[in-house]
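2 protein chains.
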Amino acid sequence: MKLSRAGERSLVEIARRICRRGPRVRVGIGDDAAAIDIDDRYLIATTDMLAAGTHFPPGTTPEQMGCKAVVANLSDLAAMGAEPLGLIFSVALPRRFEVSFVERLVKSMDATARKHGTYVVGGDLDESEEVTISGAAFGLAGRRELLRRSGARDGDLVAVTGKLGAASAGLKILLKKLPATGYRKLVQAQLEPTARVREGRVLARSGSVTAAIDVTDGLASNLWQLARESKVGVVIERERVPEHPLVGRFAVHHKFNLDDFVLFGGEDFELLFTVRSGGWLNVRRSLKRLGTAATVIGRVERGHGVYIRSAGRLRPLPDRGYEHFR
Amino acid sequence: MKLSRAGERSLVEIARRICRRGPRVRVGIGDDAAAIDIDDRYLIATTDMLAAGTHFPPGTTPEQMGCKAVVANLSDLAAMGAEPLGLIFSVALPRRFEVSFVERLVKSMDATARKHGTYVVGGDLDESEEVTISGAAFGLAGRRELLRRSGARDGDLVAVTGKLGAASAGLKILLKKLPATGYRKLVQAQLEPTARVREGRVLARSGSVTAAIDVTDGLASNLWQLARESKVGVVIERERVPEHPLVGRFAVHHKFNLDDFVLFGGEDFELLFTVRSGGWLNVRRSLKRLGTAATVIGRVERGHGVYIRSAGRLRPLPDRGYEHFR
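So the protein lines, in turn, are chains L and H. Taking the working numbering, the leading residue of the first sequence gets 1, the next gets one more, and so forth. Taking the working numbering, the leading residue of the second sequence gets 1, the next gets one more, and so forth.
Simulated from the structure, these hints should not be mistaken for laboratory data. Warning: the hint list may mix true and false statements.
Pairs involving identical chains hold if they fit within one copy or between any two copies, as the list cannot separate such chains.
[What the hints assert, rightly or not] Derived EDC-like pairs (lysine to aspartate or glutamate); straight-line CA-CA distance at most 16 Å:
(1) Lys255 to Glu129
(2) Lys2 to Glu103
(3) Lys2 to Glu129
(4) Lys163 to Glu239
(5) Lys163 to Asp260
Every value quoted in this text rests on a predicted model; they were computed, and no experiment measured them.
The whole structure should be built from the sequences, with the hints applied where relevant.
What follows is the structure, encoded as structure tokens:
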């Protein structure tokens with residue numbers, strides 16, 4: 001079978017089946033990041049590759065590429081609850097590019113890493129036909145702090161930080177060359193995202209968050225991943241899903257389906273998590289201290305699958321991934 | 001200036017200048033790997049990207065790609081003296097590829113990692129026009145164990161593990177489509193290399209090795225890097241440089257310049273190191289216990305630059321890098 005037909009999930013399953021799990025490996029292939037036992041805590045490590053043809057819409061500046069590469073990697077650490085230690089990057093660029101491209105890219109990587117409380121500590125530079133930026137981020141988490149995809153339990157609340165839909169709406173503006181007037185924040189969400197690193201630490205330390213994942217593939221797809229890994233069902237309320245304030249207007253304006261951004265649009269880099277109901281108010285309060293809103297959007301139930309209640313009717317939520325744009 | 005004219009070294013300098021060094025970062029951009037303070041030791045992290053057009057000669061199998069990607073990353077850890085904790089990979093492949101390609105690649109990565117005493121713990125899969133494999137390896141080193149490029153001192157001996165020249169001679173066979181009869185070991189050195197992980201640990205624990213680097217860019221280029229980072233001069237004896245037993249015959253047979261393989265050919269993944277003369281015999285003995293030969297090829301001197309003595313005459317050794325083949 002060709003890769004084009006196989007789908008990412010089945011390929012991850014293949015890798016998970018093949019790779020022997022080392023004795024110190026607590027979390028291996030298939031979560032947001034790996035966790036390895038060192039002394040009395042975990043080293044958390046993750047990698048994320050961004051290629052021009054898939055992840056950088058036409059017109060993306062080197063600064064924006066650097067920002068997004070840093071954020072994509074830090075967001076995976078955040079979803080594990082880790083405190084970042086550093087980032088390393090392998091960058092492949094066409095030979096015809098100017099040296100100033102590298103300067104602008106690296107400056108932005110450095111600035112974005114520092115904005116998130118960490119540093120770029122190493123890298124590798126290569127040639128290629130298209131811009132390819134592969135990053136790895138590593139960090140530490142305490143023994144009781146690890147956030148996995150697989151810990152959600154019957155009765156937990158399902159919650160999400162921030163608002164959804166902006167990054168994918170921004171991508172639509174860029175790809176369809178729509179006027180950005182009034183919608184600059186959407187474009188900015190696509191090109192200059194933020195990773196929820198401090199929020200991930202708050203969730204990890206709360207003692208009541210049972211599972212977490214970052215919203216990169218879209219809310220629906222990430223809910224499915226949580227539900228599958230935790231072997232539970234999830235019911236969410238459409239009316240409670242927090243939408244970026246500009247997305248509704250944008251969808252009406254251009255006659256797009258709002259759900260395509262809010263439920264199925266990726267790259268918002270928010271944290272989707274489950275929390276024991278008794279811990280929710282504390283978690284919400286701690287996040288608020290960081291200036292970050294969080295919203296309960298549903299509940300974990302026995303069974304399996306992801307369902308959405310909208311206008312009083314319950315229906316299955318399709319497991320449709322965000323396709324980037326290649 | 002275009003990247004094609006800039007050279008890797010100047011680009012590394014740009015990145016080193018731009019990136020702020022974090023408070024816990026002991027070794028940042030510019031060495032084989034980064035070192036970050038955690039508790040009473042160092043987390044060592046490195047990344048290496050291999051692209052089909054630059055690193056995999058035509059006909060390279062998925063198994064060989066997996067092997068080389070693992071070895072390239074572990075070799076950087078070895079050069080820092082680190083004990084590996086794990087590897088993560090971002091792999092980008094054309095959509096038209098078969099799923100079996102992924103299976104073969106991942107199986108080989110898993111087997112090669114385990115052969116070196118470590119594991120593949122995570123990854124990311126993407127689409128691209130050409131096969132691109134970006135790895136990151138991380139490990140631990142004790143406080144007094146860190147091998148850097150910058151520690152060589154006047155009077156130290158310069159030594160290298162194993163024999164040189166095989167991998168680049170093997171590449172020549174593949175690129176020029178020469179008959180491999182009698183030279184299969186050279187081709188194998190190119191396609192299925194080994195990283196000197198245990199040897200790196202021996203050097204790190206010896207207490208007398210002052211600097212190290214892995215021979216990936218060619219002996220000459222790697223000597224220059226050591227000399228520059230350590231702010232010393234180096235004199236090596238051409239007659240002492242250990243050559244792979246088949247390389248001399250191969251060069252004569254096809255009228256190639258032997259030095260192009262032994263002095264300027266890369267990807268042998270041997271360890272080049274400097275050692276205090278009083279510690280040499282112990283280091284050699286410890287390496288021998290692993291079944292690995294090591295040879296003194298020269299000496300560190302005050303001053304700067306790299307010189308080679310051949311047939312009684314001393315001359316400067318050109319700082320010529322190994323060009324892969326794009």
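Going down the list of hints, with the structure as the test:
1. Lys255 to Glu129: Cα proximity of Lys255 and Glu129: none, with 37 Å in one copy and 34 Å across.
2. Lys2 to Glu103: between (38 Å within a copy, 12 Å between copies)
3. Lys2 to Glu129: Answer is between; shortest inter-copy Cα gap is 15 Å, intra-copy 23 Å.
4. Lys163 to Glu239: Answer is within; shortest intra-copy Cα gap is 13 Å, inter-copy 68 Å.
5. Lys163 to Asp260: Intra 14 Å, inter 59 Å, cutoff 16 Å: intra-copy only.
In the structure shown, a violation is registered for the earlier hint numbered 1 alone.
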